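Enquirer: Based on the provided sequences and hints, a complete structural model is requested.
Protein chains: 2
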Amino acid sequence: MLRFSKNHDYSGRLICVEGIDGAGKSTQIELLHSWLVQTGVDVVLTQWNSSELISKTTKKAKKKNLLSGRTFSLLHAVDFADRLERTIIPALKAGFVVLADRYVYTAFARDAAREVDSAWVRNLYSFAIKPDITFYFDVSPKDSLDRICSNRQPKFYEAGMDMKLSRNPYKSYLLFQNRIVEQYKKMVDEFGLISIDANDSIYNKQRLMRQKVAELLKQKNINIEVDTL
Amino acid sequence: MLRFSKNHDYSGRLICVEGIDGAGKSTQIELLHSWLVQTGVDVVLTQWNSSELISKTTKKAKKKNLLSGRTFSLLHAVDFADRLERTIIPALKAGFVVLADRYVYTAFARDAAREVDSAWVRNLYSFAIKPDITFYFDVSPKDSLDRICSNRQPKFYEAGMDMKLSRNPYKSYLLFQNRIVEQYKKMVDEFGLISIDANDSIYNKQRLMRQKVAELLKQKNINIEVDTL
Chain A
1 MLRFSKNHDY SGRLICVEGI DGAGKSTQIE LLHSWLVQTG VDVVLTQWNS
51 SELISKTTKK AKKKNLLSGR TFSLLHAVDF ADRLERTIIP ALKAGFVVLA
101 DRYVYTAFAR DAAREVDSAW VRNLYSFAIK PDITFYFDVS PKDSLDRICS
151 NRQPKFYEAG MDMKLSRNPY KSYLLFQNRI VEQYKKMVDE FGLISIDAND
201 SIYNKQRLMR QKVAELLKQK NINIEVDTL
Chain B
1 MLRFSKNHDY SGRLICVEGI DGAGKSTQIE LLHSWLVQTG VDVVLTQWNS
51 SELISKTTKK AKKKNLLSGR TFSLLHAVDF ADRLERTIIP ALKAGFVVLA
101 DRYVYTAFAR DAAREVDSAW VRNLYSFAIK PDITFYFDVS PKDSLDRICS
151 NRQPKFYEAG MDMKLSRNPY KSYLLFQNRI VEQYKKMVDE FGLISIDAND
201 SIYNKQRLMR QKVAELLKQK NINIEVDTL
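Chains as they are written, first to last, in our numbering: chain A, 1 to 229; chain B, 1 to 229.
One or more hints might be untrue.
For identical chains, the list gives no copy identity; a pair is met inside one copy or between any two copies.
[As the list claims (entries may be wrong)] Derived lysine-lysine pairs resembling DSS-like cross-links, with alpha carbons at most 27 Å apart: (1) K130 x K164; (2) K218 x K130; (3) K93 x K220; (4) K212 x K60; (5) K155 x K171; (6) K60 x K185; (7) K186 x K59; (8) K93 x K62; (9) K62 x K212; (10) K218 x K142.
It is worth saying that the hints were derived from the structure and are not from the lab.
Note that the structure is predicted; figures quoted are calculated from it, not measured.
Expert: In structure tokens:
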């Protein structure tokens, strides 16, 4: 069985954040990014589903509600492969710290929640390299809904409406995101993700992340102070 | 290991043609199509890389020569998944004979020729169903080149110029198509493809195909005469 398990030996370091929306992971990775820039570390930030090649197609297909779980899964894999080969790996080769807002675990969790076979998805992404650190932001679907949908209705795909779990988008969101959280929780052990309580303060979450990143960079003989927060 | 090996139990039948360009397979499948239409069989014809969802993206990326072997492979898989789920399977469920001009074997052969791991590609397409009959049109790269490029230079990707085998597009075409033919020859046994000598006459090739298709349709209690050629 081909699986996603390849350690990289590039001079850079790959750090990812994962979890469902509303856990504050984008805020945290941006804080981490600013800190690394300030300390003089070469760093790039890359986001899920952002490859220029495919994002228009995905958006168009989403609008038309055309996608089966399988096609959805494959489209994201194209996007990821393109971004890995043209952004992430070249940056790692050049010695950069790459910060990824979502990585393959997003695909593993969402695709499984869409009932796509897990072994198939893990094989699909077996060409990916393992991150050096992945932070998992642990938030309940209820808290996620409260934060994301305080002033708008959940969107069709984020609520998993294509799965026909419920006609009510709020209820569907909870059911669908719950499936995703279940997958993430399994992956914490499977892939050694570092779990962070999303309900902790912004300060505490960032401090923990900086400590872990500082330890990682020490291996590269880069010494940075955590206490600049 | 997940592999491509799933037999279908739909009431329709799936018949494919495979092989490199210039072997006359498109002509033959069109003749087969006309014959089935004339005999009153419900039939649809579907082509490789024709899904509306993705074909524009693929064309754009090809023009810009942006694609790695991996991304190329995944883009074709999206196209295939979309076509399988929205055209091929619904037609088979409705009892149609589906004629496919190229099927997963095209991906297996081309991706391997582009040095993408064969086990990975077979797993990638493990959701596909096995055709009832696949005809492989056996032609040498030299004959293919003579037929395809009698009045034009080989195109960038068909010559495998992305593989940097040779700077001369004609030489590159021969080297690249030869890799593909090697893959096809292995698959004749692996997947039980019916090999057809491309140098045989149009009449003989079509007659052989009609005989095989007539035998297949007899299992469905459809009796058609081969001798209408």
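Enquirer: Does each hint hold? Answer for all of them.
Expert: Structure-based check of all given hints:
no.	hint	verdict
1	K130 x K164	neither (34 Å within a copy, 29 Å between copies)
2	K218 x K130	within (19 Å within a copy, 53 Å between copies)
3	K93 x K220	within (14 Å within a copy, 59 Å between copies)
4	K212 x K60	neither (39 Å within a copy, 42 Å between copies)
5	K155 x K171	within (12 Å within a copy, 52 Å between copies)
6	K60 x K185	neither (32 Å within a copy, 39 Å between copies)
7	K186 x K59	neither (30 Å within a copy, 40 Å between copies)
8	K93 x K62	between (34 Å within a copy, 26 Å between copies)
9	K62 x K212	neither (37 Å within a copy, 42 Å between copies)
10	K218 x K142	neither (38 Å within a copy, 58 Å between copies)
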